[in-house]
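Mind docking chain B with the ligands on chain A? Use the hints.
Protein chains in written order, with this note's numbering: chain A, 184 to 691; chain B, 84 to 238.
In short, the hints are calculated from the structure, not lab data.
Among the hints, a few may not be true.
[Unchecked claim] Non-contacting residues of chain A with respect to chain B, defined by C-beta distances greater than 12 Å in every case (computed):
#1 K185
#2 A199
#3 A255
#4 S261
#5 T308
#6 G312
#7 K315
#8 T323
#9 E402
#10 T432
#11 V440
#12 S456
#13 G534
#14 R569
#15 E616
#16 E633
[Said to hold, decoys possible] Using 25 Å as the maximum straight-line C-alpha spacing, the simulated PhoX-like pairs for lysine-lysine come out as follows:
#17 K524/A x K543/A
#18 K93/B x K208/A
#19 K183/B x K460/A
#20 K277/A x K504/A
#21 K467/A x K342/A
#22 K93/B x K460/A
#23 K460/A x K479/A
#24 K342/A x K479/A
#25 K277/A x K299/A
#26 K467/A x K620/A
#27 K524/A x K229/B
#28 K504/A x K315/A
#29 K183/B x K265/A
#30 K183/B x K238/B
#31 K238/B x K220/B
Ideal Cβ positions, reconstructed from N, Cα and C, are used throughout, including at glycine.
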Amino acid sequence: MKIYLPLDSAAVALGADEIADAIQKHAHAKGQSVTLVRNGSRGMVWLEPMVEVESPAGRMAFGPMTLADVPALFGDLSAHPKALGLTEELPWLKAQTRLTFARVGVIDPLSLDDYKAQGGLTGLTRALGMDKAAIVAEVTASGLRGRGGAGFPTGIKWKTVSEAVADRKYIVCNADEGDSATFADRMLMEGDPFTLIEGMAIAGLACGATKGFVYIRSEYPVAIRVMEEAVVIARAAGLLGASVLGTGTAFDMEVRVGAGAYVCGEETSLLNSLEGKRGVVRAKPPLPALQGFMGKPTVVNNVISLASIPVIFEKGAAFYKGFGLGRSRGTIPLQIAGNVKHGGLYEIAFGLTLGDIVDKIAGGTASGRPVKAVQVGGPLGAYFPRSLFDTPFGYEEFAGKDGLIGHAGLTVFDDSADMLAQARFAMEFCAIESCGKCTPCRIGAVRGVETVDRIAKGDASAIPLLTDLCATMKAGSLCALGGFTPYPVLSALSHFPDDFTRMKDAAE
Amino acid sequence: MLDSNSTIAKVENILVHHHGMEGALLPILHAIQAEFGHVPQVVLPVVAKAMNISRAEVHGVMSFYHDFREEPAGRHVVKLCRAEACQAVGADRVADHAKKVLGLDWHETAKNGSVTLEPIFCLGLCACGPAALVDGKLIGRVDEAKFDTLVEGLK
Ligand SMILES: Cc1cc2nc3c(=O)[nH]c(=O)nc-3n(C[C@H](O)[C@H](O)[C@H](O)COP(=O)(O)O)c2cc1C
Ligand code: FES
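Okay, chain A solo, but in the shape it has when bound (with noise of 0.2 Å):
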């Protein structure tokens, strides 16, 4: 009997190590031999721990598990009370359009063979029979952007590190996916590790970079484990190492651990940190490209921008580019969270209405009350009122609606949200979470929360302060930490104002 439940840290942190144990334990104490293989998760949050069972028809889910329902895997799985059906027909993950995770929660993460089964490597096969300048134009052919928030195409990119002339070069992942509402980057990593391999190893192709970073945050334990054992046996297979693919071309890579900044998430304080130095932001120019870790060239790029590459050299760049809208190609994974009935992953293609996400595919809140607003794009991203349900899930479709996608990570609120505490949490965090090296996020970030407070105590004078000092974070800030804050707060200030009044009113 073989049995899939996830490694994934949501599914652990739902209980899933729990079930495992009582799994084995019970197929002992049965005398049935079972085949545990811990995958990385579907993306359904809300069914983990969701087992699978291996049958002939396909696999059969089970989910949400509890320790109760672990005897019954082993009678009628038919009769099983928490019984799904077969997963690939689950509605959830059959309307989704899965390219960077096609190999999520399907394999086991951690067996090579498993990868080159469903596809793995051929993208990289490819790649090495093509010149450095082909892979770049392949790169950029299918319009690529960069999925850690900005969206500069990554063909450009990848374009000037590789006509840059240097000793060395690097590749580093940014894995450092501190935006709360997302989690792509650790499913991937956690569910498919081989694949930000390969596509880092394809980047070092291009670029002409023989060694590469992973920088994961240090409250992914879990990813950090599984692209920690992944590098070792890709190492050993030779898919990384002085000769990738016994191709001759040297590109090899290391794991690193953050240590608790978000703002290391930017990528010039992030090549700092890499360094041993203070995460703080670099002003640029220089551009990474060309003055990044150690002061040589260096493609810094998210994971799921790197995880994209294997399958658009696997399917080629038209198939990728054929999806998607306007100047959004391809697919992006949709990270639903927060107060919702369905939370988790689901990769659609760009284009998508904001309200067909959060009334159709997240279900609505989880706590059945109306919605009052989404973040999108994490902290850093604008607060969505009812209002602006029909923007289409574009990077230029959220930018002229004052917004952002960012990382497309989702948080819904139902109408029990204070959005004055939301606008207010948004500068606290800037205070926190600045670097300190510019003033106006260093020090409008603390003068925010001060205004807010003003504000919540019925001082009205104190609302235009609040606007003014946020054009000066937006127009003054080193980089986005302090020049972004502005969107969640004036987002709520403006499209929620009854919040902001409301203290007021009760004074008067």
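Showing chain B with the ligands alone in chain A's frame:
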């Protein structure tokens, strides 16, 4: 009590292990903290010398990052997520409850050294919040009752 000779010997061993690594300071500080539970200040000059930087620079790096602590934490460390997606499902309420039950504010350690309470900003469990990390164990959907069970044996 840590005996400073054996502390320094252990740190020297860690330094040897990281010899030749590019940008080794964070991995070294992580290794030291994994060994001692904090970064004892007596080791800073040793690290500084090996890295060929000043003691002030090592201290500057260490103090920049939320993870590194100069003093030992309590025997148990409870971290609660304070970020937005967890707020949307009641994290603030759970945090208030936690502070009351433990009699601690953020970053404080109980007088008897049992528990330290820390805020954390996102554990990537945003679809099953409020999230917590208790002695390194990930926990989702933490409400007041679950919190009480979690910390029952810790106080
Ligand atoms: C405060 C701040 C935090 C950031 N955090 C992340 C992060 O956690 N992960 C990430 O990939 N990019 C993050 N970014 C964006 C990076 O600076 C950079 O644009 C990105 O890593 C480039 O990769 P991409 O082109 O593949 O998106 C952050 C930016 C700022 C200003
Ligand atoms: S916001 Fe709490 S785990 Fe992400």
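TODO: Output the numbers, in ascending order, of every earlier hint that fails for this structure.
DONE: Numbers 2, 9, 11, 12, 15, 18, 19 and 29 - these are the hints that the structure violates, sorted from lowest upward.
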